[in-house]
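Undergrad: Here's the letter readout for the chains.
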Amino acid sequence: KAGVTQTPRYLIKTRGQQVTLSCSPISGHRSVSWYQQTPGQGLQFLFEYFSETQRNKGNFPGRFSGRQFSNSRSEMNVSTLELGDSALYLCASSVDRPNTGELFFGEGSRLTVL
Amino acid sequence: GENVEQHPSTLSVQEGDSAVIKCTYSDSASNYFPWYKQELGKGPQLIIDIRSNVGEKKDQRIAVTLNKTAKHFSLHITETQPEDSAVYFCAPWGGTELTFGQGTILTVHP
Chain C
6 KAGVTQTPRY
16 LIKTRGQQVT
26 LSCSPISGHR
36 SVSWYQQTPG
46 QGLQFLFEYF
56 SETQRNKGNF
66 PGRFSGRQFS
76 NSRSEMNVST
86 LELGDSALYL
96 CASSVDRPNT
106 GELFFGEGSR
116 LTVL
Chain G
717 GENVEQHPST
727 LSVQEGDSAV
737 IKCTYSDSAS
747 NYFPWYKQEL
757 GKGPQLIIDI
767 RSNVGEKKDQ
777 RIAVTLNKTA
787 KHFSLHITET
797 QPEDSAVYFC
807 APWGGTELTF
817 GQGTILTVHP
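The listed protein sequences derive, respectively, from chains C and G.
Residue 6 is where the first sequence starts when you use the working numbering, and the numbers rise one by one after that.
Residue 717 is where the second sequence starts when you use the working numbering, and the numbers rise one by one after that.
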């Protein structure tokens, strides 16, 4: 059974640009959650999608957005990049709500903003 | 929102010793308490979890204990091995999302 796949694994952008990250969940999983991981702030919740609908959203500015497709694949977008957006972005999938079963994480997309 | 504090931030033990990491949360409605292990270059992986109707759960060398009255739960690792070296996170569920603690860097010396 394939795990959670995130692409790209590494990317470098400059301030003001935008970036799109992709996440393919485990087959059969309908919930996809996104987290930002930085050394200073740890793991912070961005948003969760379930059946193409945003179910929950963390405390991030509107520059951070996401969506989920009918096949449960998800993308997140960050517009007008700032230096502070440099982080590891982790995607996780679960069958339903993350507390109803194991939450499986991908290996992340490491974004560097110069 | 949920406030989570995890201690200690770093923990160094000799192989074979026990390790204990404590997580304190604020939301009395929290009802799901997982622990995740993150190895270098990888995403977090669930290692054990407990629900609010249970006080303790064991899985081989790993155990989790929950004190709902005091609002804290702890990860216990016995007979530690070098491969246990990693960052460990608690992540109580407050009803909408998992809120991760700041992490504990565990180093097991051979």
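Treat each hint with caution, since some may be false.
[What the hints assert, rightly or not] Taking lysine-lysine and the DSBU-like style, the derived pairs with C-alpha atoms no more than 30 Å apart in a straight line are:
| # | chain 1 | residue 1 | chain 2 | residue 2 |
| --- | --- | --- | --- | --- |
| 1 | G | K774 | C | K62 |
| 2 | C | K62 | G | K787 |
| 3 | C | K18 | G | K774 |
| 4 | G | K758 | G | K773 |
| 5 | G | K758 | G | K774 |
| 6 | C | K62 | G | K753 |
| 7 | G | K758 | C | K62 |
| 8 | G | K773 | G | K738 |
| 9 | G | K784 | G | K738 |
| 10 | G | K774 | G | K738 |
| 11 | G | K738 | G | K758 |
| 12 | G | K773 | G | K787 |
| 13 | G | K774 | G | K753 |
| 14 | G | K738 | G | K787 |
| 15 | G | K784 | G | K774 |
| 16 | G | K784 | G | K773 |
| 17 | C | K62 | G | K738 |
| 18 | G | K753 | G | K787 |
[Unchecked claim] Just so you have them, the derived chain C footprint on chain G, three or more residues with Cβ under 8 Å:
| # | segment |
| --- | --- |
| 19 | 768 to 777 |
| 20 | 790 to 799 |
Hints are computed from structural coordinates only; laboratory data are not their basis.
Cβ coordinates follow ideal geometry from the N, Cα and C atoms, glycine included.
Undergrad: For each hint, tell me whether it holds in the structure or not.
TA: Structure-based check of each hint:
1. K774(G) <-> K62(C): violated, 33 Å
2. K62(C) <-> K787(G): Answer holds: K62(C) to K787(G) is near 25 Å, not above 30 Å.
3. K18(C) <-> K774(G): violated, 45 Å
4. K758(G) <-> K773(G): With a Cα-Cα distance of about 26 Å, the restraint between K758(G) and K773(G) holds, given a limit of 30 Å.
5. K758(G) <-> K774(G): holds, 25 Å
6. K62(C) <-> K753(G): holds, 24 Å
7. K758(G) <-> K62(C): Holds, at about 24 Å.
8. K773(G) <-> K738(G): Answer holds: K773(G) to K738(G) is near 15 Å, not above 30 Å.
9. K784(G) <-> K738(G): Roughly 13 Å separates the two Cα atoms, so the pair holds.
10. K774(G) <-> K738(G): holds, 16 Å
11. K738(G) <-> K758(G): It holds: about 23 Å lies between the C-alpha atoms, which stays within 30 Å.
12. K773(G) <-> K787(G): holds, 17 Å
13. K774(G) <-> K753(G): OK: K774(G) and K753(G) at ~16 Å, within 30 Å.
14. K738(G) <-> K787(G): holds, 11 Å
15. K784(G) <-> K774(G): Given pair K784(G), K774(G) holds - Cα atoms ~18 Å apart, limit 30 Å.
16. K784(G) <-> K773(G): holds, 14 Å
17. K62(C) <-> K738(G): This hinted pair holds, its Cα atoms lying about 27 Å apart.
18. K753(G) <-> K787(G): holds, 21 Å
19. 768 to 777: violated (count 0)
20. 790 to 799: violated (count 0)
In terms of the numbered hints stated before, the structure departs from hints 1, 3, 19, 20, listed from lowest to highest.
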